[in-house]
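Undergrad: Sequence:
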Amino acid sequence: ELLLIHANFAMDWGYANQRSLGPHYTIFYSPDFVQQSVNVALCAKTHGWMGIGWLDPNRAGGPLMQDTDMVVAFVKDGQAGVQDRFARWIEEPLKDELLAGQRSDDAG
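For the sequence shown, position 21 matches number 21 in the working numbering, and the numbering has no gaps at all.
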C-alpha cells in the first residue's frame, strides 16, 4: 500500500527541494553551503530496501553503480536499519566499514 504524503512535506519538515525520481520514489533535500553538506530524506514504496548513491563527478563513464558510495535503508523483522555501502560494479554493494561513512582525503 502506497503511503500518501502531504504535498507540503518538504516545507513542513524543513527541506527546501523535492524531486520525484519515479512513480514511487521521491527525494527531499536541502543543501547547506556554509557547512558544505546536504540534508536528505527519501520516500519510496518498497518491499525490501531503498538507497541512494553518490558518484565521483570526475569519473570517466561506466555503469552508474560502478564505484558508487551508497546509503541503504531497510526494514527487517520490523526493525529499521541503515548501512553505509560501496558498489564496485553492478552487484550487491559491500558494507563500507573502512571509512565509517567518511570520505577519504584522496577520494576525488
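Hints were generated in silico from the structure; no laboratory data involved. Idealized CB from N, CA, C, for every residue including glycine. One thing to keep in mind: the hints can contain errors.
[Stated by the list, open to error] Across the chosen pairs, the derived CB separations fall in these ranges:
| hint | residue 1 | residue 2 | range |
| --- | --- | --- | --- |
| 1 | G14 | R88 | 21 to 27 Å |
| 2 | G61 | A16 | 18 to 24 Å |
| 3 | N58 | L94 | 18 to 24 Å |
| 4 | V34 | R88 | 30 to 36 Å |
| 5 | K95 | V34 | 18 to 24 Å |
| 6 | W89 | G22 | 21 to 27 Å |
| 7 | A41 | L64 | 19 to 25 Å |
| 8 | G22 | F74 | 15 to 21 Å |
[To be verified] Under the rule of at most 30 Å between Cα atoms (straight-line distance), these lysine-lysine pairs were calculated in the DSBU-like manner:
| hint | residue 1 | residue 2 |
| --- | --- | --- |
| 9 | K76 | K95 |
| 10 | K45 | K95 |
| 11 | K76 | K45 |
Undergrad: Among the hints numbered above, which are violated by the structure, and what are their numbers in rising order?
TA: 1, 2, 5
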